[in-house]
Amino acid sequence: MTLSRRTFVQTAGIGAGAALTSSIWGRGRENSIWSAIEPDLQAVERGVICIASNENPVGPGKAVLDTLRSLLEGGTRPGRYSNQAGQLTEAIAAHFKVKPENVLVSEGSTEILRAATQVFTSKTKALVGTIPTYEECAGYAELIGHPVKGVSLDSAFKIDLDKMAAAAKGAGLVFYCNPNNPTATYVGAKATRGFLAKMSSSSPDTTILIDEAYFDYVTNPDHETHIPVAVENPRVIVARTFSKAYGMAGLRQGYAIAHPDTIKALRPWVASGGTGSLNVFGMAAATVAIAQDSTFTTNERNRNKAVRDMVTKWFSDRGMKPTDCQANFMFVDIGTPAKAFREACRAKGVMVARDFPPFEKTHARITLGTMEEMTKAVQVFGEVLGKKTSTAAA
Amino acid sequence: MSVSRRGFLQGLRLGQNAHAAAFLAARGHEELMAEAQQGRQGGARMSRPNLPPGVEGIRISSNENPLGPGKAAIDAILGKFPEANRYPFNSTPLDADLEILIAKLNSAKRENVVLGVGSQELLKNAARVFLSPTKHLVIPSPTYGDPAGFAQNLMKVTLKTAPVAEKTLRTDLSALLPHVKGAGLVYLCNPNNPTATINSAQEIKDFIAEVKKQSPTTAILIDEAYCDYATDPSFQTAIPIAITTPGVVVARTFSKAYGMAGVRIGYALGDTATIKKMSAYRMPYNVNTFGVAAAVASLKDPQHIKEESARNKAVRDFTVKALADMGYTSTDSQTNFIFADIGKTMTAAAFREGCAAKGVMVGRDFPPLEKQWARISLGTMEEMQKATDVFRSVLKPGATTSSGKGQ
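For the record, the sequence lines run as chains R and D. Quick note, the first sequence lines up with residues 1 to 394 if you use the numbering used here. Quick note, the second sequence lines up with residues 1 to 407 if you use the numbering used here.
No lab work stands behind these hints: they were computed from the structure. Note that CB positions come from ideal geometry on N, CA and C, so glycine has one too. Don't take every hint at face value.
If you want the footprint, here are the derived chain R segments under chain D, 3+ residues with CB under 8 Å [to be verified]:
(1) 59–69
(2) 205–216
Derived BS3-like pairs (lysine-lysine); straight-line CA-CA distance at most 25 Å [what the hints assert, rightly or not]:
(3) R:125 with D:156
(4) R:123 with D:276
(5) D:213 with D:277
(6) D:156 with R:264
(7) D:71 with D:109
(8) R:125 with R:99
(9) D:160 with R:123
(10) R:123 with R:97
(11) D:212 with D:276
(12) D:104 with D:160
(13) R:339 with R:376
(14) D:71 with R:123
(15) R:264 with R:99
(16) R:198 with R:169
(17) D:135 with D:205
(18) D:135 with R:123
(19) D:396 with D:321
(20) D:212 with D:135
Partial pick of chain R residues on the chain D-facing surface, computed with a CB cut under 8 Å [said to hold, decoys possible]:
(21) 50
(22) 55
(23) 72
(24) 108
(25) 161
(26) 247
(27) 264
(28) 268
(29) 294
(30) 297
(31) 320
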């Protein structure tokens, strides 16, 4: 049963945490969703446009793939397993001008999200996150029996900082996904800094995990990373991933940047533990990717923005309003259930729009593919939504 | 996308498999984990011996397949380049396809299978499912240390151990039984690391039945990392028991005979309810897509594993005989490493240092047997021919560790 957003806020106390996550957040692992949709488990067939999982449609780029190729061909002798994790850690540290002890590499950022939830929440210290947001922390808190508090977004689908600060008082961990998945909205750097300062005084023992997965796609001028705060403040962690702008979702590489004491607390819960149990392709690729100059991410941001502008205009011209999108996906009020939209699009070769309660009856999350893919996709949207709209109007 | 795919494939198909294989085998992982474990426990950090300048090292310390994966696996990886940007659930093959293939090969259902980032994730997740501060862990001593380290350090779990059998160094299952009452989990490694020995299928079957009788809620995790190297016909996988017995799990890895330690793919099988519990702790999208493709291709090429097992057995027979000719016995190795009794001449530490000075890296200490027993992983035949020459000079009574460079 779908509850209204208001009902969620009312029921989202500590006691209601488990019920909340099982009905909302715990539901949404992307793989289980797609498995449920496609019980025959066929891999994405040729020609299908996959705009369902916020992947970079272009991939990691030539420099990265050339490195993997040379390693496989033996053009360069790869370092030992251990050195690869160390080299990746150092490359990340150098890129952000922090120390290696500020960096913890991991199997995707998923592992960082889990480790932070493990370490900083407890039976009496809740996880706090927005409804909706990326589900991993809440799903994991539920798994280990730690309470979860949900906080509704503001009317623009952005994180409501006042509500968040109030809910976070005495909490163990705040999951602060910015830009937020699935709503694509972004809280400016100045406001986030204010929130962090406020938390330091109103709830100094609460840790804030800032998930900057979509950082490189933000075009809002009030934009900066919170890594400088994280390396100073033991209560702030920044999580990053190579799965989005860097185009390496298949290679499972992520990392945390934080104060050395915080890294030390997280480390035992992360498989790499700094000892190099990450896969060698991913480590080699990520090491090259992060060492590239900013041209790579700038180009990817610009490529994405052009697509985003086209798709935003397409929806706006048809009276469907996306949120203020600062990511490589959009959250659009299509006025019809995501499920019907998803199934109709899938029948026409477009994979898109899983459910994001409590908005699944009206909103669809649409990942931005290439311009070519999106030009085809909006045609499909037009066919699908055109029919729906006329049916609804009749 | 199709253009770049073609370009990569043309550039790669004829690549040098040996180099690719070395990259993927990514040797040296296991000892690093052990080092991290010791570091976490606050002990002295174990540093890997430095090789003398200019010496091309022979690394026979971490039980990896020296040749890496077969051609089918490498080709599968090369085919994945255009899909590096896709999550495992949007990729070709899907992570689910690997689960289904593993299920089929074991006459099981997909619900009997869970994938892990190597078997490491699975061993930890079994600990998380079955252990708590009030439900202890039972293990033979010595055995592979990861599950016990994790359980003790991060879960405050009590450990109960029983020594391996005195002469054979086989896991003494009857000695474990007195500890199982009320235990959360019994961990067995079969074949066992570091002792290289097996317990027969019948012994394992009887043990499981006895544990279930004496302590029905106690789970049993059997780590079969080295199973593809066992040649004794009395060894059989416990997977058929696991998929039909609640609370029995078998863990496998692609890091050993499949030669893909750097690829990080493992899997576990058990009955559906047990696997469901394990799956709850599985990280979403945990396995990398290149690894999934390589694993699928490898499983479809069973001949390669047969050949790898035969290759290893020849090297094993040679190495065991070489040591026997020097007067040192080894346990009955059913793995890609041997456990040799060098105690009458030196400790494992002295042996390790002596060998390292000549460019050969052998296994770390395995308490409580480190004064007498040394673990030697099996490299290629060529490597072991050189390595046994080094052993001969190092183990020579009165030998010092500073005599000339090894080859």
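Going through the hints against the structure:
Counting residues of the segment 59–69 of chain R whose CB lies closer than 8 Å to any CB of chain D gives 6, so the stated coverage by that chain holds, three being the minimum. Proximity of the segment 205–216 of chain R to chain D, defined as three or more residues with a beta carbon under 8 Å from a beta carbon of that chain, is not established by the 0 residues found. A C-alpha spacing of about 20 Å is found between residue 125 of chain R and residue 156 of chain D, which places the hinted pair at or below 25 Å, so the restraint holds. Simply put, residue 123 of chain R and residue 276 of chain D have alpha-carbon atoms about 24 Å apart, close enough for the 25 Å limit, and the pair holds.
Note on residue 213 of chain D and residue 277 of chain D: the hinted pairing holds, with a Cα-Cα distance of about 22 Å set against a maximum of 25 Å. Straight-line distance between C-alpha atoms of residue 156 of chain D and residue 264 of chain R comes to about 18 Å, which keeps the hinted pair within the 25 Å bound. For the proposed pair residue 71 of chain D and residue 109 of chain D, the alpha carbon gap of about 28 Å is over 25 Å, so the pair is violated. A distance of roughly 30 Å separates the Cα atoms of residue 125 of chain R and residue 99 of chain R; the hinted pair therefore is violated under the 25 Å criterion.
As the CA atoms of residue 160 of chain D and residue 123 of chain R are separated by approximately 29 Å, the hinted pair breaks the 25 Å bound. Restraint check for residue 123 of chain R and residue 97 of chain R: not satisfied, since their Cα atoms lie roughly 37 Å apart, outside the 25 Å limit. Taking the CA atoms of residue 212 of chain D and residue 276 of chain D, the gap is near 20 Å; set against the 25 Å cutoff, the hint holds. Note on residue 104 of chain D and residue 160 of chain D: the hinted pairing is violated, with a Cα-Cα distance of about 36 Å set against a maximum of 25 Å.
Our distance criterion of 25 Å between C-alpha atoms is met by residue 339 of chain R and residue 376 of chain R, whose separation comes to about 20 Å. For the hint linking residue 71 of chain D to residue 123 of chain R, the alpha-carbon distance of about 50 Å lies beyond 25 Å, and the restraint is violated. Between residue 264 of chain R and residue 99 of chain R, the direct Cα distance comes to roughly 13 Å. Compliance with the 25 Å bound is thereby established for this hinted pair. At roughly 11 Å between alpha-carbon atoms, residue 198 of chain R and residue 169 of chain R fall within 25 Å of each other, so this suggested pair holds.
Proposed proximity of residue 135 of chain D and residue 205 of chain D is supported: the alpha carbons are some 23 Å apart, at most 25 Å. Of the supplied pair hints, the one linking residue 135 of chain D and residue 123 of chain R holds, its CA atoms being roughly 20 Å apart against a limit of 25 Å. Distance check on the hinted pair: residue 396 of chain D and residue 321 of chain D sit about 17 Å apart at the alpha-carbon level, within 25 Å; holds. The straight-line distance between the Cα atoms of residue 212 of chain D and residue 135 of chain D is roughly 15 Å, inside the 25 Å bound, and the hint therefore holds.
A hinted interface residue such as residue 50 of chain R counts as satisfied when its beta carbon comes closer than 8 Å to some beta carbon of chain D; here the least separation is about 5 Å, so the hint holds. The beta carbon of residue 55 of chain R comes within 5 Å of a beta carbon in chain D, closer than 8 Å, and the hint placing it at the interface holds. Nearest Cβ of chain D to the Cβ of residue 72 of chain R: about 4 Å, under the 8 Å cut. The hint holds. With a cut of 8 Å, the hint placing residue 108 of chain R at the interface with chain D holds, because the nearest CB-to-CB distance is about 7 Å.
For the restraint placing residue 161 of chain R at the interface with chain D, the shortest Cβ-Cβ distance is roughly 28 Å, beyond the 8 Å limit, so the hint is violated. Because the closest C-beta pair between residue 247 of chain R and chain D is about 4 Å apart, less than 8 Å, the hint holds. Residue-level restraint check for residue 264 of chain R is violated (minimum Cβ-Cβ distance to chain D is 10 Å; threshold 8 Å). With a cut of 8 Å, the hint placing residue 268 of chain R at the interface with chain D holds, because the nearest CB-to-CB distance is about 6 Å.
For residue 294 of chain R, the shortest C-beta to C-beta distance to chain D is roughly 20 Å, which exceeds 8 Å, and the interface hint is violated. With a least beta-carbon distance of about 14 Å to chain D, the hint placing residue 297 of chain R at the interface is violated under the 8 Å criterion. Violation of the interface hint for residue 320 of chain R is found here, the shortest Cβ-Cβ separation to chain D being roughly 26 Å, above the 8 Å cut-off.
Checked against the numbered hints listed earlier, the structure breaks hints 2, 7, 8, 9, 10, 12, 14, 25, 27, 29, 30 and 31; every other hint is satisfied.
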